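Based on the provided sequences and hints, a complete structural model is requested.
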Amino acid sequence: MNSVQRVRIEYSKKGPIRYIGHLDLIHTFFRALKRANLPVSYTQGFNPRIKCSFSPALPLGFASEAEYIELYLDKKIDISSSIGNLQKELPQGLTVRDMEKLPLFGKSNNVKIKTVTYRINLQQFFGKSTVPGQASKEDIEGKIRNFLDKEEIFLINKKGRRVNIRPLILSIEMEKDWNIRLLLKVRGGFNFNPRIIIKTLLGVEKKDLAFVEFTREKFLFW
Amino acid sequence: MEKTVLEDILPFVSKPGRYLGNEWNVIHKDWERAQVKVVLCYPDIYELGMSNLGLQILYSIINQRQDSLAERVYAPGLDIEEILKDRGIPLFSLESKKPLKDFDIIGFTLQHELSYTNVLNILNLANIPLRSRNRNGKFPLIIAGGPSVSNPEPLADFIDAFVLGDGEEVIEEIIETYKKWSSRLQSAFRNKGNGFLKALAKIPGVYVPSLYEVNYKEDGTIQRMERKGDGIPERIDKRVVDLETSHYPLAPLVPLIDISQNRLNLEIQRGCPHSCRFCQSQVVYGPCRVRPKKRLLEIAEVSLKSTGYDEMSLTSLSSTDYPGIEEFIGEFLDCFGKNHTSISLPSLRPDKFSLALAIRIRKIRKTGLTFAPEAGSERLRKLIGKKISDEEFASTISQAYNAGWRLVKLYFMIGLPTEEEEDIEAIIRLVKELKKRHKNLNFNITIAPFVPKPHTSFQLLPMEKLTELRRKKDYLSRRLPAQVKGHIVESSFLEAVFSRGDRRLGMVLEKAWEMGCKFDQWKEHFRFPVWQEAFSKCSIDPDFYVYRKRDSEEILPWSHLEFWGHPNSRMA
Numbered sequence: 001m002n003s004v005q006r007v008r009i010e011y012s013k014k015g016p017i018r019y020i021g022h023l024d025l026i027h028t029f030f031r032a033l034k035r036a037n038l039p040v041s042y043t044q045g046f047n048p049r050i051k052c053s054f055s056p057a058l059p060l061g062f063a064s065e066a067e068y069i070e071l072y073l074d075k076k077i078d079i080s081s082s083i084g085n086l087q088k089e090l091p092q093g094l095t096v097r098d099m100e101k102l103p104l105f106g107k108s109n110n111v112k113i114k115t116v117t118y119r120i121n122l123q124q125f126f127g128k129s130t131v132p133g134q135a136s137k138e139d140i141e142g143k144i145r146n147f148l149d150k151e152e153i154f155l156i157n158k159k160g161r162r163v164n165i166r167p168l169i170l171s172i173e174m175e176k177d178w179n180i181r182l183l184l185k186v187r188g189g190f191n192f193n194p195r196i197i198i199k200t201l202l203g204v205e206k207k208d209l210a211f212v213e214f215t216r217e218k219f220l221f222w
Numbered sequence: 001m002e003k004t005v006l007e008d009i010l011p012f013v014s015k016p017g018r019y020l021g022n023e024w025n026v027i028h029k030d031w032e033r034a035q036v037k038v039v040l041c042y043p044d045i046y047e048l049g050m051s052n053l054g055l056q057i058l059y060s061i062i063n064q065r066q067d068s069l070a071e072r073v074y075a076p077g078l079d080i081e082e083i084l085k086d087r088g089i090p091l092f093s094l095e096s097k098k099p100l101k102d103f104d105i106i107g108f109t110l111q112h113e114l115s116y117t118n119v120l121n122i123l124n125l126a127n128i129p130l131r132s133r134n135r136n137g138k139f140p141l142i143i144a145g146g147p148s149v150s151n152p153e154p155l156a157d158f159i160d161a162f163v164l165g166d167g168e169e170v171i172e173e174i175i176e177t178y179k180k181w182s183s184r185l186q187s188a189f190r191n192k193g194n195g196f197l198k199a200l201a202k203i204p205g206v207y208v209p210s211l212y213e214v215n216y217k218e219d220g221t222i223q224r225m226e227r228k229g230d231g232i233p234e235r236i237d238k239r240v241v242d243l244e245t246s247h248y249p250l251a252p253l254v255p256l257i258d259i260s261q262n263r264l265n266l267e268i269q270r271g272c273p274h275s276c277r278f279c280q281s282q283v284v285y286g287p288c289r290v291r292p293k294k295r296l297l298e299i300a301e302v303s304l305k306s307t308g309y310d311e312m313s314l315t316s317l318s319s320t321d322y323p324g325i326e327e328f329i330g331e332f333l334d335c336f337g338k339n340h341t342s343i344s345l346p347s348l349r350p351d352k353f354s355l356a357l358a359i360r361i362r363k364i365r366k367t368g369l370t371f372a373p374e375a376g377s378e379r380l381r382k383l384i385g386k387k388i389s390d391e392e393f394a395s396t397i398s399q400a401y402n403a404g405w406r407l408v409k410l411y412f413m414i415g416l417p418t419e420e421e422e423d424i425e426a427i428i429r430l431v432k433e434l435k436k437r438h439k440n441l442n443f444n445i446t447i448a449p450f451v452p453k454p455h456t457s458f459q460l461l462p463m464e465k466l467t468e469l470r471r472k473k474d475y476l477s478r479r480l481p482a483q484v485k486g487h488i489v490e491s492s493f494l495e496a497v498f499s500r501g502d503r504r505l506g507m508v509l510e511k512a513w514e515m516g517c518k519f520d521q522w523k524e525h526f527r528f529p530v531w532q533e534a535f536s537k538c539s540i541d542p543d544f545y546v547y548r549k550r551d552s553e554e555i556l557p558w559s560h561l562e563f564w565g566h567p568n569s570r571m572a
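So the sequence lines, in the order shown, correspond to chains A and B.
Residues 1 to 222 (the working numbering) are what the first sequence spells out, left to right.
Residues 1 to 572 (the working numbering) are what the second sequence spells out, left to right.
Since the hints were made in silico from the structure, they are not lab data.
What you were told as hints is all true, and nothing was included just to trick you.
With a straight-line Cα cutoff of 25 Å, these simulated BS3-like cross-link-like pairs (lysine-lysine) come out: (1) Lys180(B) - Lys101(B); (2) Lys338(B) - Lys51(A); (3) Lys51(A) - Lys305(B); (4) Lys29(B) - Lys88(A); (5) Lys29(B) - Lys14(A); (6) Lys207(A) - Lys85(B); (7) Lys158(A) - Lys15(B); (8) Lys305(B) - Lys88(A); (9) Lys305(B) - Lys76(A); (10) Lys15(B) - Lys207(A); (11) Lys185(A) - Lys13(A); (12) Lys98(B) - Lys14(A); (13) Lys88(A) - Lys75(A); (14) Lys206(A) - Lys85(B); (15) Lys409(B) - Lys352(B).
As the structure is a computational prediction, the values presented were derived from the model and not from experiment.
Spelled out as structure tokens, the structure:
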């Protein structure tokens with residue numbers, strides 16, 4: 001059958017379900033879509049799969065307010081009732097924020113994303129980590145300034161390659177309630193894990209990052 | 001445990017998804033309102049435990065009761081174990097995050113002997129004394145079921161009661177008995193005391209090992225099993241349920257992380273119509289019973305909806321023997337195929353009929369094809385009851401090749417009774433012959449040492465010597481034109497000790513666990529030298545249990561446990 005509609009389902013990911021990784025989350029969604037009985041389209045071929053695309057992978061442990069799925073459908077659906085139907089079938093922590101119709105043909109958001117914003121909360125970090133001393137807001141701001149003053153910052157990426165990430169960082173700002181806001185450029189779909197950036201910025205060990213809360217806030221098209 | 005405590009741990013463990021307890025269809029019941037709280041435990045990692053159908057069935061049965069709740073726990077990974085110990089956090093259930101100690105009943109499933117150290121480790125992590133006699137009424141009742149209960153004696157000192165056979169009905173009888181006694185006894189002694197254990201022992205299929213005393217002869221064999229008191233059964237018969245009416249979960253748990261069998265399980269048949277003489281499974285799960293087709297289609301319809309799975313496995317020991325399996329698969333595909341649901345068939349017999357079915361359901365790309373001829377020569381196959389000729393096997397393989405398979409998995413056993421060099425050569429000849437016919441066909445071959453298991457025709461026979469097994473395995477690995485995977489022969493040896501041994505092995509088990517043994521089923525964790533040391537520290541000779549040919553008059557550690565139903569048919 002041919003798809004007659006395409007929709008974007010926007011959702012957030014919060015709480016313990018942060019610990020369900022990207023691939024597992026895809027399967028969790030597939031099952032939820034099936035339980036919700038949405039008329040999803042399947043790909044042709046030997047092993048038909050649900051025709052859709054997911055927002056770029058979110059690192060394990062990150063919360064997000066910006067995830068989405070773009071889904072092809074064999075039948076037109078009623079948007080408002082479908083939101084409810086799908087929400088009923090989702091595990092706790094996954095919340096449908098919105099569903100909107102998309103043109104049937106057209107590029108996926110995935111290729112339009114230029115920048116991702118993250119909110120990084122340090123409150124728990126200073127409460128629980130083993131980092132000695134009480135940092136002040138000014139300390140952090142100082143560290144951010146030093147960090148941004150550098151022209152090159154080489155970090156090791158997932159594949160073990162040394163990459164200069166400085167050009168990827170649009171801004172880092174200290175905001176209220178111990179939040180850092182990070183704007184990170186996406187280059188060729190390459191999404192550098194902010195955890196490594198924050199680790200270097202704060203100058204701490206990986207284990208100390210356990211209590212830093214990372215939230216993906218937004219995908220930007222500029 | 002407070003939920004925030006878990007959240008402080010999760011960032012530090014690998015695969016934190018294992019410990020969330022947020023699976024789809026998970027049941028969170030009101031703790032205070034349940035009279036009987038059961039925690040079901042699979043003593044290995046989450047990915048294996050969640051794939052087990054038996055626990056899903058029990059979980060559903062117990063949670064359907066108004067008066068009870070069932071939660072789950074699996075063997076924690078080594079990383080989280082260390083954190084729990086460091087911070088003094090007792091092992092907790094996945095659903096309510098309550099310590100295991102707060103439950104009324106802990107039910108273990110014993111899928112294989114190499115999981116026994118994990119059972120002890122879990123009790124220890126839960127701050128529960130290992131030995132039954134060191135646990136007073138403040139501790140939960142500890143029960144165990146599953147295939148290894150065919151000879152549970154090595155665990156006799158640790159487990160309060162074993163359950164033989166199908167668990168669907170007996171679990172409710174245990175809960176009822178527990179309820180009766182927990183209200184009658186003072187709270188401090190709510191579940192122990194001889195009266196309660198005797199009441200448990202009266203339930204058919206329940207074996208309370210502490211009510212029996214084993215006396216040994218000078219040569220180390222059993223003199224007799226003495227019952228401590230009246231009204232204790234001399235022989236315990238395993239339970240058998242009627243599959244036409246027995247409970248089946250309609251909303252099984254769906255994991256949010258990948259597990260080893262990540263699909264809907266539809267048990268179409270229990271037991272096996274074949275009687276391969278080496279096979280313990282057909283004894284443990286028998287007699288062969290089928291779940292009616294109409295009921296299966298109903299279950300499939302409801303549970304596919306409740307889970308959202310797109311694949312369903314028709315499970316049994318030999319699914320292609322389900323009467324009318326062809327029509328069943330046809331009907332199944334008519335009903336659900338258009339909804340993009342596929343079927344998989346485990347355990348195919350190496351015959352043409354089975355292969356035709358495999359072709360029909362078209363799982364070529366997804367799953368490989370696995371056959372278990374078990375022995376290389378026709379003579380030996382005939383002896384062990386695997387009745388398939390070289391010719392039929394070869395033509396089945398040809399048919400598979402023509403249907404598009406390029407990789408076939410084969411299982412063979414070594415050290416089978418009466419096995420000669422010729423039979424080992426026959427394995428090589430068989431595979432070479434198949435390779436010659438089909439150059440592009442590849443084989444993955446698994447070589448497993450034969451362990452003569454309790455309640456099978458071969459139970460009195462010794463296992464072949466380790467040195468010989470090693471030699472045969474190495475020889476086959478070198479000579480077979482295939483990818484060869486061999487079981488660690490030492491781990492098969494240990495499996496033999498614990499499946500054929502008696503209560504005295506409890507000491508060794510505890511010693512080995514103290515010395516750090518756990519997850520023995522896993523190659524990377526199995527440490528045979530430590531086990532050897534544990535045996536010698538306890539002055540127990542493992543060879544006694546493994547290499548000794550037993551006399552037909554000998555009282556076996558499992559002689560009082562009846563799995564066949566007809567004592568005389570045992571040696572048929």
